[in-house]
Structures are given as C-alpha cells and as structure tokens.
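Peer 1: Listed here are the chains, written in short residue letters.
Number of protein chains: 2
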Amino acid sequence: MSLTIKAHIAAHFNLNLRTAKQTKLTDYNVKIRPKPIYHSNQLIAFQPKMSAAVKSASSAIKSSLIEPDGGVLVDLVVPESERGLRTTEAESMPRVKLTKIDLEWVHVISEGWASPLRGFMRENEYLQSLHFNCLRMKDGSIVNMSLPIVLAIDDETKERIGSSTNVALLGPTGDLIGILRSIEIYKHNKEERIARTWGTTAAGLPYVEEVITPAGNWLVGGDLEVLKPIKYNDGLDHYRLSPQQLRKEFDNRQADAIFAFQLRNPIHNGHALLMNDTRRRLLEMGYKNPILLLHPLGGFTKADDVPLDVRMEQHSKVLEDGVLDPETTIVSIFPSPMHYAGPTEVQWHAKARINAGANFYIVGRDPAGMGHPTEKRDLYDPDHGKKVLSMALGLEKLNILPFRVGFLSEVAAYDTVEKKMAFFDPSRAKDFLFISGTKMRTFARSGENPPDGFMCPGGWKVLVQYYESLQAEEATQQPAILTS
Amino acid sequence: MSLTIKAHIAAHFNLNLRTAKQTKLTDYNVKIRPKPIYHSNQLIAFQPKMSAAVKSASSAIKSSLIEPDGGVLVDLVVPESERGLRTTEAESMPRVKLTKIDLEWVHVISEGWASPLRGFMRENEYLQSLHFNCLRMKDGSIVNMSLPIVLAIDDETKERIGSSTNVALLGPTGDLIGILRSIEIYKHNKEERIARTWGTTAAGLPYVEEVITPAGNWLVGGDLEVLKPIKYNDGLDHYRLSPQQLRKEFDNRQADAIFAFQLRNPIHNGHALLMNDTRRRLLEMGYKNPILLLHPLGGFTKADDVPLDVRMEQHSKVLEDGVLDPETTIVSIFPSPMHYAGPTEVQWHAKARINAGANFYIVGRDPAGMGHPTEKRDLYDPDHGKKVLSMALGLEKLNILPFRVGFLSEVAAYDTVEKKMAFFDPSRAKDFLFISGTKMRTFARSGENPPDGFMCPGGWKVLVQYYESLQAEEATQQPAILTS
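The listed protein sequences derive, respectively, from chains R and E.
Each residue of the first sequence is one higher than the one before, counting from 1 in the numbering used here.
Each residue of the second sequence is one higher than the one before, counting from 485 in the numbering used here.
Everything labelled a hint here was simulated from the structure, so no lab data went into it.
Keep in mind that this is a model prediction, so the values were computed, not measured.
Backbone N, C-alpha and C define an ideal beta-carbon position, used for all residues, glycine too.
Computed Cβ-Cβ distance ranges for the label pairs, DEER-style:
1. E:G568 - R:T438: 53 to 61 Å
2. E:R849 - R:Y232: 44 to 52 Å
3. E:D623 - R:N124: 23 to 31 Å
4. E:L917 - R:K97: 40 to 48 Å
5. E:G770 - R:G71: 33 to 41 Å
6. E:D639 - R:E284: 39 to 47 Å
7. R:E209 - E:K674: 19 to 27 Å
8. E:S647 - R:E468: 50 to 58 Å
Only part of the chain E face toward chain R is listed, based on derived beta-carbon distances under 8 Å:
9. N608
10. R680
11. V872
Work out the full structure, taking the sequences as your base and the hints as a guide.
Peer 2: Shown next as structure tokens:
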C-alpha cells in the first residue's frame, strides 16, 4: 500500500510543482524561495527556507483573499538560529509531558491554525470559548474560537511546576518539543467543559474518553514556542502544509477563490458532486481561478473511522480517476484532532480554514456529527451545524456554502434511475437512496459493491483492501484471545 | 404578617411618591401623568395611564442613562382599545396552556426585560442563545441573551396546532393571556439545552426538575401579544414595576447613575455594606444623585429559598431600620424565574437591568450559583460569574461593579473583632467569619441568633418568624402523614 500511496503523492505533487513554476512573487516584501523537500529520495513537496529573517517577516504575511483572524498569522516555531539557546534554557524548566493528542494541538497552535491564539488557553480565553465560542481582541473585534484548546496536567505535575513561570514541553517519547511561557494554572472542570462543548455528558464520546477523562484536574495556559516544526514521520508529512505554506501556494497559483472541503471519511461521488458543483457556481459568479482545498482531518479520529493513510490513498485515487480535477485541487492534511462536537466543532473547522487562506467553506449535512453514544438518535440535529455556522460570531468574513436558499436540494444522494450520485430531488424522492458512512463501511467490510456510480472504482478498491486487511488481522488475533 | 408588609409597603412607597412630586417632565414628547393606583383601599404605587396613544408612543421611550438593548424598549401589551378585538380573534385559534413559570416568562417578555426579544424564541434565536449567549441584530450589532427563553409544548398540543400560524395562550387557570403569532415549532432537545445552559446534566437542578423534565418535546416560538399587563394578585403587584415604569421613576428622581443589586435572599449587612460602599464611590466619582435599584427576583425559586413575601417584608425592615437609605433606594420586583445557572444566568440578570435603565450592576461572589446537585462542591467556580460577566458579549455598555482591581477585598464577611460585616482583610484573615446563605438559614431555623451586626434586628425577626411558622406547619402535617 505504501508504494501505491507514494506514487500517487508524487503524481499529485508534481502537478502542484508544475503550477508552482508559474510563481508570481507575492507582495510580502521579503522574497521567499520555495525549497524542494525530499523524503526517501523522492521529491514530495516544497517548503520555504526558514531563515530567521524570513521567519520574523513571515508573521506579517497576509492572504490576498482573506485576512487571518487577528490580522496576523501566528507562527510559533523558534528560528533555527535560536534553537540551541532555547533548548539550553528549557533544560532548567519543570517538564510537562504531552500526550499524542496534546502534540497534535501543539502542531495546530504553532502553525497558526488557531490564530490569534498564541498558546494553550489561559482561563480568560477558556471561559470566552466555553461561553461565547469567541475571543474578543484588544481592539474590540471578535474572532471565532468554539473549541477550548487546552493542556491538562495532573496534581503531581502541578506540584512539580510550583511557582515556575515557564515549563518545558516534552513529546510522548520524551523529546523536547517546546516551551510554554508565563503560564497560568487553573481548574479543569471536566464536567462543565464536556457539557458546554458537546451539549451532553453521556458516556462514550470518543474525544472525552480518549483525552478528557484520563486527563488531570488542572489546565495550564501560556505562550507557546516550538523548537522545530512538528513532524510525524509517517510518510504523510509532505501533505501537512501549514497555513503559511497553503497561503503561499494559493498565491502561487493566482487563485481568486479558495473553497475548502473538510472531511474525515473517504470521498464518494456525492462529495465530488458538491465540490464540482461549487466550482461551477464560483465560475458562474465570475471567479476566474477557484481552487479547491481538499482538506482531510489528520489528527485523532474515533476507532471505527477509516485511518488517515488509507484515506489519503483513497483521495489520491479519486484525483487519479479524474473525479476531482487535480489541476484545480490542492490536497493537504488539516492536523487537528477530531472532537465530534457537531455545531460547536464545525465552527472550529471553518475558522481554521480562514487562517489557511480559504474564503469559501463547504458545509454538508450534520458536520462533525455522530450517533448519540447512549441513545438511538443522532447526537445533533443534522441541520444545526449549517445553521450555527451561518450565524456564528467571528466568521462573518467567510462565505458559507452551499449558496442556495433552502438546503434540501444541496443534499447529494444516490439516484437509482440515473445510477449516479445527484442532488436530491424531492419531487421524486423514492428514486433516491441515502448511503451513510456507516452503510458505506458495511458494504466495504462485507466485500459487497455499492451501487454503480457511488464511488470511483479505484477509490473503492482501496477501502475494500483496507477492510480485508482488518478482517485478516482480526482472524489472526482471534485464536490467541480464545486460548488465553 | 400581611398587615405588617402592607404598612411597610405604604411607608416605602410614600417615600417614592414624595420624590415623584418633584417630577420634571421628561423629554418623551408625550406627557405621561403618573396615576395613583389603589389596592385594598391603600395607595400603593403609581402607574402611568395606559391610553392607546401613550402605549404606541411609549415604545420609543429611551433612558437618559442607558439605551435598552436593540435601542427600543419592547412593550407587548395590547392597547386597551384593541383588547376586545384581539380576544375575539384569539378565540378561534388553537390553544396552548401555560404553566405558572411560562406565565412568568410571558410577563418578562411582554414588559421588555428581554428586549429586543419580542416573543418566545424561534430556533434561530434559540441556537444563538445556546451557542453564543448573544443575538445578532439586523444592523450587525450584538445584544446579550444568555438564557434560552422558550415555550415547550407536548406532542398532543403540536398536533392540535397543526398548520396554524397563530396560537392563543391560556394561563394556568384557563384565562386568555395573549397570542403568539407567526409561530415556528422545533425540537426541544432537553439534554442539549440543559448541558449548554448549566454546564452539567446532573439530576437535581431545580429549574430542570420543575420546568424542563416535565415539559414537552417541542418548542414553539413566535411574536407575543399580551392582552393586559400580567398581575399576580398576591399583594405584591405594586412592587412589580416594569422597565418602562422604572425608567420613568429614575428620570423623575433625576438620577444620574442607577446601580442595580439582584438578590433572591434576605439582605444582611454585608449586602448593605456593598451597596452603601458602591454609592459612596459613585459620589466620589462625581455622580450627584446615584439611585440604588434594590431588585429582588420574584419568579420561580427553589423550595428551600426564602419565599418572596417574606423577603419583601425583610427588605422593608432593612429600609425601615435605616440600613439602606430609603431616599436613594427603589425597591422593585424582578419578575424572572430563577435558573441557578451561575455564569450563564448572571448575564441575564445584568442584561435585564440594562433594559430597566440601570447603568451600573453590582455582582457578588458566585452569582446565581448553588451547590452541585450530586457532588460535594459548588456547581460553579465562585469567581467565574464575575469573570464571565466582565467579558460577556453584548454587555459592554454596562458598568460592572465592584470597581477595584482584585476582587478579594470586595468580599464582605463578619469581622469578629469589630463585630460587624466588613470587607474581608486578608492580612487578618482569621478574624473573619464567612456566613453563607445556608448557614444563615440554619441560624434562623434553629432560633439561634447570628453574630451581632450580621443583620438588622427587624429583618432578622422576619426570618425567625418565617422559619417558626414553617416548623409549626411541619409539626401539624407530620401526624397526618404518619397515620395515612
């Protein structure tokens, strides 16, 4: 599988590089030359040279299409020239060990996805986020901030920190990741955080079980510094373009509209229909070069979601099969972990894309939703995500799609007459089949084919192979369990 | 007790009327003559004559000190001249029966405490309230709206309403109260409402148990019309001044600052200290005539809170004993029911007082807080109320008190050396005694006297008598229960 992925990655990024050659140097004042990056001897992406001069200038980069929240894209990676000094400094600080998911948040904050946030939230920001899904800036303006982005510590760590004002952050394997400065420690009322974020405290919320329940009873906020860009070395790092890199790429491509599509599932032809139809409409509206940011979420997902590497391979196939146009699409990984917090989380998904330079955001039915963990119903009203997004404070500058009045016609479903995914037509409702993510997984798991035209064959094959490998794995594990 | 109350009411309102004689006619363009109101042959208050002409003009009344939210004070009482017509019209509409607490909300909405809200929330307002504690106005401005103000109906009522656009609202005893027009019916997800409002779903929240759990699974929003002002005929209606009446009274008194104090408990000398100290500081700041709005909550409270009539008698004693200055104080009842929702609810308490014309709001420790219903701790961090209030969106025009940086010194406690309530002095912490509401009730219930200087003797006597009457009642009831 790994080889196939790499081939498609190369194919995809060669396209990116081809358009990158048309680079017009943007109006940053500082010239930033893309530097090709090689991984396992294969050209996989380009990255700007991160000299100290560029670093400090880069914090002033503004999108030509949409301003980052707070006006300046946050970038918390220490210039390489200062890395040694900060490392020595960090060695004398009390240490806080990060979990895998804490590290994903460090990644998110350090690259400015959560701009203007400059570190894990202090209580003042935490309370604003919980109660208003917003932060008020010093100039009185409001930015959206719907999820509390916080770092939990236990009693023992709190005691070890004592009255220190700075702490060193260690990764899950013990390596020094960064520093949190001018810290503030405050109570982690888990029940209140969960209730206000998810609108339920029912047992079985994936992020709660994985992250919050095992976490400590204190939160530590402060200003973050990261010693070097966060990498995962999983063969997918080249897909992890920072907001700064994405903005640069959009400018390189001379895009006049960026429409972002968040997903955490394989792409079926219904998704593709929505994306292609959006492009068509943007062209109709007079945009000359709308670019799709196909932006799968790369952080924590629940156990029964399709893993990131398989999804990336599936996405590559979709581009290879021509279901989406590689010439006008950028595939990149959004490094955030998933909360499954419906209307609260969809705001975060949209807000982060503002910071990445997208000025249009596609929202589907029941974004960031899931089944209620203990009751037989959806956790959220499937329409609330769209509604809350459209009324959200601090997201006014973002265009929320679909445009059409009345959302019903925007729902893609399988048209059993035309044998393809199409926009649902209420006048002949009985011709349409809704194929949920669960249904799709059931098909793939049982080796059964979905209806023709549901997904491109190449993409479907990736899924079937994944579920076969899963069953093979389960089969080898089962006897061991039985005899134990 | 009833006679005593009436005597004090008269004493109090005579003072009000005395100052009312100094009336300068305010700049409303329409001259509104205060009309004395008699109850049981006793002059108890004044009320403007509600002619149709004045009614329509009154919606344009603005405070001289602070604008109501949305710029115009909402007033949804139908002019008397149209009452007959509307009654006839309502008779052909499907009926929705209100609970006692629904009626309290009708009262609140109809008088403009929740301005710019003009009825029970439709889904659009409900979602904004739940997620942002705010409503966005058409001009883009934001007003605070932290509590969902909604009307629940059951499946049967929903079916009866069918596709009607208007419904008639009946009071708990079946009398026609008003009309809800252009209605919208949407799902009542109780779990989500509770979690996002209280930050917990633990069993035992008083408002949840009393109102939400027994309520139907649908909410109905729409534009409210009330046929006549809501009255309770409990001997306390003269205390229930509407925001419009309060604003008029403030203008009559030529107040240049109004500082509101919300309470649902008897007034002890610590409260009085805070109120008197606030007045002193306002004078220091240069205000010439600051008026205290002593504003006890009059709607639903939990079973172990002191009932409204007893509190009103206690408050009268406090004024009579001179602990608060009747010349510069207006006592009035805030008709809202109590949620006990801490930081979320304190915003409502403050916002409603903006509409009543107060430009200063006093907030104490743990406002609208209570013990966690199932765990041995406060439900809310006692400091969060103040913090959230100070950062709340839509409350920017309101001055939140206390002024001093650092809230600690603002906490009143019993000084065992000086034998009086005083601001807590951390340098001699051991001299201070914190007397909680629970502690106070325990004293009163056991007939034990609190420390000298905790509460004026007249006020304390009212409480002791109340708890004695309660015990007497329990004693007579007990055998009946045992023999049944």
